[in-house]
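The listed protein sequences correspond, in order, to chains A and G.
Those letters in the first sequence? Residues 1 to 379, by UniProt numbering.
Those letters in the second sequence? Residues 1 to 379, by UniProt numbering.
Hint data in this document are derived by calculation from the structure and do not stem from the laboratory.
Fair warning: this is a prediction, and the values are worked out from it, not measured in the lab.
Ideal Cβ positions, reconstructed from N, Cα and C, are used throughout, including at glycine.
Some hints here could point you the wrong way.
[Unchecked claim] Calculated lysine to aspartate or glutamate pairs in the EDC-like style (CA-CA distance at most 16 Å, straight line):
#: 1; chain 1: G; residue 1: Lys327; chain 2: A; residue 2: Asp33
#: 2; chain 1: A; residue 1: Lys327; chain 2: G; residue 2: Asp33
#: 3; chain 1: G; residue 1: Lys230; chain 2: A; residue 2: Asp96
#: 4; chain 1: G; residue 1: Lys104; chain 2: G; residue 2: Glu81
#: 5; chain 1: A; residue 1: Lys149; chain 2: A; residue 2: Glu176
#: 6; chain 1: G; residue 1: Lys128; chain 2: G; residue 2: Glu161
#: 7; chain 1: G; residue 1: Lys230; chain 2: A; residue 2: Asp92
#: 8; chain 1: G; residue 1: Lys104; chain 2: G; residue 2: Glu78
#: 9; chain 1: A; residue 1: Lys230; chain 2: G; residue 2: Asp92
#: 10; chain 1: A; residue 1: Lys230; chain 2: G; residue 2: Asp96
[Unchecked claim] Label-pair distances were calculated between CB atoms; the ranges are:
#: 11; chain 1: G; residue 1: Asp338; chain 2: A; residue 2: Ser150; range: 55 to 63 Å
#: 12; chain 1: G; residue 1: Lys337; chain 2: A; residue 2: Gly326; range: 57 to 65 Å
#: 13; chain 1: A; residue 1: Gly328; chain 2: G; residue 2: Leu290; range: 55 to 63 Å
#: 14; chain 1: A; residue 1: Gln178; chain 2: G; residue 2: Glu313; range: 58 to 66 Å
[Stated by the list, open to error] Partial list, derived from the structure: chain G residues whose beta carbon lies under 7 Å from chain A:
#: 15; residue: Pro13
#: 16; residue: Glu15
#: 17; residue: Phe16
#: 18; residue: Leu21
#: 19; residue: Met24
#: 20; residue: Gly25
#: 21; residue: Ala62
#: 22; residue: Gly63
#: 23; residue: Ser64
#: 24; residue: Pro199
#: 25; residue: Gly200
#: 26; residue: Tyr224
#: 27; residue: Tyr225
#: 28; residue: Thr248
#: 29; residue: Leu253
#: 30; residue: Gln330
Protein chains: 2
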Amino acid sequence: MSAARKLCMIPGPIEFHEDVLSAMGTPATSHVDPLFVPVFGETIEMVRKVVLSKDAQPFITAGSGTLGWDMMVNVIEEGDEVLVLNTGYFGDHFADCLSTYGAKITHLRAEVGSRPSIDALKKALSEKKYKMVTVTHVDTSTGVLSDIKSIAETVKAASPETLVVVDGVCSVGSEEIQFDAWGLDVVITGSQKGLGVPPGLSIVVVSQHTLNVFKNRQSPIRSYYSNWNKWLPVMTAYESRKPAYFATPAVQLIYALHTSLKQITALPIEQRVNKHREVASNLRQTLKSLGLKTVAQSDDVAANGMTAVWLPEGVELPQLVPALAGKGVQIAGGLHKDCATKYFRIGHMGISVMEDDRQHITKVVDALKSSLTELGYKA
Amino acid sequence: MSAARKLCMIPGPIEFHEDVLSAMGTPATSHVDPLFVPVFGETIEMVRKVVLSKDAQPFITAGSGTLGWDMMVNVIEEGDEVLVLNTGYFGDHFADCLSTYGAKITHLRAEVGSRPSIDALKKALSEKKYKMVTVTHVDTSTGVLSDIKSIAETVKAASPETLVVVDGVCSVGSEEIQFDAWGLDVVITGSQKGLGVPPGLSIVVVSQHTLNVFKNRQSPIRSYYSNWNKWLPVMTAYESRKPAYFATPAVQLIYALHTSLKQITALPIEQRVNKHREVASNLRQTLKSLGLKTVAQSDDVAANGMTAVWLPEGVELPQLVPALAGKGVQIAGGLHKDCATKYFRIGHMGISVMEDDRQHITKVVDALKSSLTELGYKA
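Isolated chain A (complex conformation):
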């Protein structure tokens, strides 16, 4: 099978470092073994570092990134008003999740490729009191980057107690996140994107304010598996280098996350973010020079860890994706329900960005150029 493996340049899962893959193969180790306990504890601490927080509480659990949405069950009660800053597919689905737990949703939508303006947000906040505002930091369906710093500032100015919840599944590890400085309340992510670890871990970081809202809720928590009353003692125990049990942790994935976070935190996070910005900017320049347009309508709303690109006239997705695959590069099709067949997506996160020697970006650009030429497209 390995002969046919392609360079995985989709917006997650991304390419993994060899040391991370080795850690995935860590031989059987008990979840309460003194070897594993400090590894889990350090991993929790390093997650906090990546989002630049001093005292936020990480939850690292076996599950997909989607499980992070589910954990909002801990702070949502029947009838709670939630404003969803909706930039695509993931806004819709996060809202669906929150509704399941009793939230009343108001969508603030933007057209494909853009994001709701801060003025629109101010207006929405003036019309209703919200328990929570959610934002998809990078909408993986469109490659649109939200300005979570300004959003948090605006929300907190209007209503300091409103929870600012960031879906950072496609941003943690590749975009700038200053959890404490920007006053964020929740950042949700998964292992398989900017953190550079195979899929299977849900990672949620919550502020002390969020924990207070959770502790002071009036109604019972509607979930068993996602219930922080079960997980909080486990996280606290491991961080103080003691084992605890609610459900068996995904030991090997946590070894892998530990390995990747050691690499990530070895550099200042700012440097990592800047490198992602630089590579994304260069890629957009290259695309422009090929006559291609990004789905993100301008550079300042374009993500730094992925890019969605409109297909040029005459080139179809079922031609382009296999053409690149034939050259050993996997890219992704569209995902937004209104236009999924009209654009493609490239991921540029983690080692593909940070380690120039691998030439991953060059490979995807070269494969794209020659595929387009083969399909009759002329820049």
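With the hints as your guide, set chain G onto chain A.
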């Protein structure tokens, strides 16, 4: 670290085959890649084979074994009566989970080391109509094996529509399970025990009858992440060799499960179960010859994939576990709330049982014997 690694002889995670660990390190592969799609599809089919079913529906999702309990949210509605055949720690916690979703629980408890009798079950069934009866096939806290064949027969004779739900976290892959022949409705497991794969996958197998109960429920499903309406189309798609998306699957863990299931299904399941029986029986004989008593009160209630053993007079858990660890063997302490400090547990599942050449059982027995001697115990 590897120098200090111990042979992991706890009741899960168990020791993993080298090929399974290699599969954990599969390089980045998209969850919709044509390489991965058939791997996931075949994995679903092989899970069905392991429990000897023709048409049951497996759900394989990123999460701990505990997530399988949570999935019962799909068939539980407010006020549903559930009978829990309780043999220890896991009966209590499964009941806690079901209560979260509105179930009214009746416990049928047995003293530590035994299981509720079939007569007691008959009596309970005659007193109330139950939507669901749950049983922990092997209670990992006590090593007690339940007779799920007789239980299912008894339940179905009294009430054919009552769901028979088996917590098989510590039994699938090591104990006899005839899903179709015995009329089971749900079998819940995780990856890290008898299936021989690192922790991080929840595996739930449900009968067509269960799917009907799910489809005909009156009230909305109270969970987002555990909702079968989200997962069923994904499982169906992958089994028909097409990709689908709800949440990113744990690709590497599924490669690992595929590898392990290929090994497991290469032999008739009966042969695997018999080998586990034989090794467990021999181990109990050895323990008896050392003057030790199992927590399971008799051989016919003793699990075949793990054994819980009372500490002999004068030997304490904080002495025994480290003594074995010093000899390179990890065993587990107790877990039952009434007597956790009074017994220890040994896991004997998977390659430790099936591959004699590894001499895992010999190693744990030798380490136990010499540790006991060092601690002043005389058989």
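>> To test your reading of the hints: which numbers does this structure violate?
In response: none
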